[in-house]
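K.L.:
Here are the chains, one letter per residue:
2 protein chains.
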Amino acid sequence: MILPESIQSLINSLERLPGIGPKSASRLAFFLLRAPDEVAQDLSMALANLKANTALCQECFNIMEAGRERCEICESQSRDSSLICVVEEALDVLALERTGGYQGKYHVLQGVLSPIEGIGPDDLKIKPLFERVGRGGVSEIILATNPSMEGDATALYLRQHLEPLGVRVTRLARGLPVGGDLEYADQNTLLRALSGRQEMG
Amino acid sequence: MILPESIQSLINSLERLPGIGPKSASRLAFFLLRAPDEVAQDLSMALANLKANTALCQECFNIMEAGRERCEICESQSRDSSLICVVEEALDVLALERTGGYQGKYHVLQGVLSPIEGIGPDDLKIKPLFERVGRGGVSEIILATNPSMEGDATALYLRQHLEPLGVRVTRLARGLPVGGDLEYADQNTLLRALSGRQEMG
Chain A
1361 MILPESIQSL
1371 INSLERLPGI
1381 GPKSASRLAF
1391 FLLRAPDEVA
1401 QDLSMALANL
1411 KANTALCQEC
1421 FNIMEAGRER
1431 CEICESQSRD
1441 SSLICVVEEA
1451 LDVLALERTG
1461 GYQGKYHVLQ
1471 GVLSPIEGIG
1481 PDDLKIKPLF
1491 ERVGRGGVSE
1501 IILATNPSME
1511 GDATALYLRQ
1521 HLEPLGVRVT
1531 RLARGLPVGG
1541 DLEYADQNTL
1551 LRALSGRQEM
1561 G
Chain B
1361 MILPESIQSL
1371 INSLERLPGI
1381 GPKSASRLAF
1391 FLLRAPDEVA
1401 QDLSMALANL
1411 KANTALCQEC
1421 FNIMEAGRER
1431 CEICESQSRD
1441 SSLICVVEEA
1451 LDVLALERTG
1461 GYQGKYHVLQ
1471 GVLSPIEGIG
1481 PDDLKIKPLF
1491 ERVGRGGVSE
1501 IILATNPSME
1511 GDATALYLRQ
1521 HLEPLGVRVT
1531 RLARGLPVGG
1541 DLEYADQNTL
1551 LRALSGRQEM
1561 G
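Protein chains in written order, with our numbering: chain A, 1361 to 1561; chain B, 1361 to 1561.
Among the hints, a few may not be true.
Repeated chains share a single entry, so a pair holds when one copy, or any two copies, can fit it.
[Unchecked claim] Below, in silico cross-link-like pairs of lysine to aspartate or glutamate (DMTMM-like), each with a Cα-Cα straight-line distance of 20 Å or less:
1. Lys1383 to Glu1457
2. Lys1487 to Glu1448
3. Lys1383 to Glu1429
4. Lys1383 to Asp1452
5. Lys1487 to Asp1512
6. Lys1411 to Glu1365
7. Lys1411 to Glu1523
8. Lys1411 to Asp1440
9. Lys1383 to Glu1448
10. Lys1411 to Asp1397
11. Lys1383 to Glu1365
12. Lys1485 to Glu1500
13. Lys1485 to Glu1510
14. Lys1485 to Glu1429
15. Lys1485 to Glu1432
16. Lys1487 to Glu1419
17. Lys1485 to Asp1402
18. Lys1487 to Glu1429
Hints in this document: simulated from the structure, not taken from any laboratory.
With the sequences and hints as input, model every part of the structure.
P.N.:
Here is the structure:
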């Protein structure tokens, strides 16, 4: 059976999204076909408006509403601007904000260093970070890039360039995930948890 | 952090899709934000055009291109019109067509009987099926509703009403899935596989 052109093109578009394979794509397409008209229409509108209405904060490069220069976090007076948490992408800011346990500012690199993919320091928002630190008032940089090979390499690169500027540089702790199960932890995580063991507080 | 309105509304729309939770929804939204403009635009267009360009075949109620009366399968001269395979939804037609092993026609019920959800025979394309059979020329009806409680109940209902019309009524075989593992099969499947055991051909 050849599917109607409009369904096939929806399936094709959905398949390009991460984590959605051919089967999920057709299931989603047929769900949208059966669902009330507004479900597909709302989604269509949201997609059409997505980029027009968003911009990057010119200070921390987090995503924000278009039409302003700095994001809410950068403009907030109640947050500690001597503390900058460096993350790979806007989603990481979201994750950290959800914890409710961080009251400093952020800096979103918009990626990680990756020689294989040809992504060097100039392709990321690294220079603006150095400039922020250079302007003074920053006492600590928390490197919160992912605990992956690229994330570690990026953190290392940043430490080498930030420490000479006289700022304290820290990295998020590694160890067993809370609620995790020791026997299912991978070797590296377990080694890190061992070497980073702490006195019980 | 409050997300920009346009991203939040995209996340909300995505969350309404089956199998997409809050985390996948935000991951997809941020992927679309980073991806080339045309990815979100293509998807937006495909969604907007979805319903306008599709219609139901007036014979078998499968989905088809708008602007014609009967679908390609119903109009095909090379397919056996004495054989009708009854399925729940258009996706099932797709799955059966992919096997390449069926050369008859279809009938798409557009759902299953479900007293709990208040779906009775009049809410499905059951009457048109009886009419198709009543017009003659049909020798066998293959009931291919899902092997679920509702699918079985629907099949039972159809059998009771189709057999008096003098047509052979069959149901798709149950048993162990090909490539499956006996020890992981659930009790009911195993019981069915036992009671439906066959001579080795």
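K.L.:
Are the CA atoms of Lys1487 and Glu1419 at most 20 Å apart within a copy, between copies, both, or neither?
P.N.:
within (12 Å within a copy, 65 Å between copies)
K.L.:
How do Lys1411 and Glu1523 come out at 20 Å by Cα distance, when the copy is not named: within, between, both, or neither?
P.N.:
For Lys1411 and Glu1523, neither the intra-copy (36 Å) nor the inter-copy (58 Å) Cα distance is at most 20 Å.
K.L.:
Reference check for the pair Lys1487 and Glu1429, CA-CA at most 20 Å: within, between, both, or neither?
P.N.:
within (18 Å within a copy, 62 Å between copies)
K.L.:
First find the shortest C-alpha distance between Lys1383 and Glu1448 inside one copy, then the shortest across copies, and answer within, between, both or neither for a cut-off of 20 Å.
P.N.:
Close across copies (17 Å), not inside one copy (31 Å); limit 20 Å.
K.L.:
Is it within a copy, between copies, both, or neither that the alpha carbon of Lys1383 lies no farther than 20 Å from that of Glu1365?
P.N.:
within (17 Å within a copy, 31 Å between copies)
K.L.:
Within, between, both or neither: how does the pair Lys1383, Glu1429 come out at a Cα-Cα threshold of 20 Å?
P.N.:
Neither: 42 Å inside a chain and 28 Å across chains, both beyond 20 Å.
K.L.:
With identical chains treated as interchangeable, where does the CA-CA distance between Lys1485 and Asp1402 reach 20 Å or less: within a copy, between copies, both, or neither?
P.N.:
neither (33 Å within a copy, 29 Å between copies)
K.L.:
From the Cα coordinates, with 20 Å as the cut-off, is the pair Lys1383 and Asp1452 best called within, between, both, or neither?
P.N.:
Only across copies: Lys1383 and Asp1452 sit 12 Å apart there, 29 Å inside one copy, limit 20 Å.
K.L.:
Please work out whether the CA atoms of Lys1411 and Glu1365 approach to 20 Å or closer within one copy, between two copies, in both situations, or in neither?
P.N.:
For Lys1411 and Glu1365, only the inter-copy Cα distance (11 Å) is at most 20 Å; the intra-copy one is 27 Å.
K.L.:
Give the relationship of Lys1487 and Glu1448 under a CA distance limit of 20 Å: within one copy only, between copies only, both, or neither.
P.N.:
Within one copy only: 14 Å inside, 58 Å across.
K.L.:
How would you label the pair Lys1485, Glu1510 (within, between, both, or neither) given a Cα cut-off of 20 Å?
P.N.:
Result: close within a single copy only, 15 Å intra versus 56 Å inter.
K.L.:
Checking Lys1485 and Glu1432: alpha-carbon separation at most 20 Å within a copy, between copies, both or neither?
P.N.:
Within. Shortest intra-copy distance 19 Å satisfies the 20 Å Cα cut-off; inter-copy 54 Å does not.
Checked against the numbered hints given earlier, this structure breaks hints 3, 7, 8 and 17; the rest are met.
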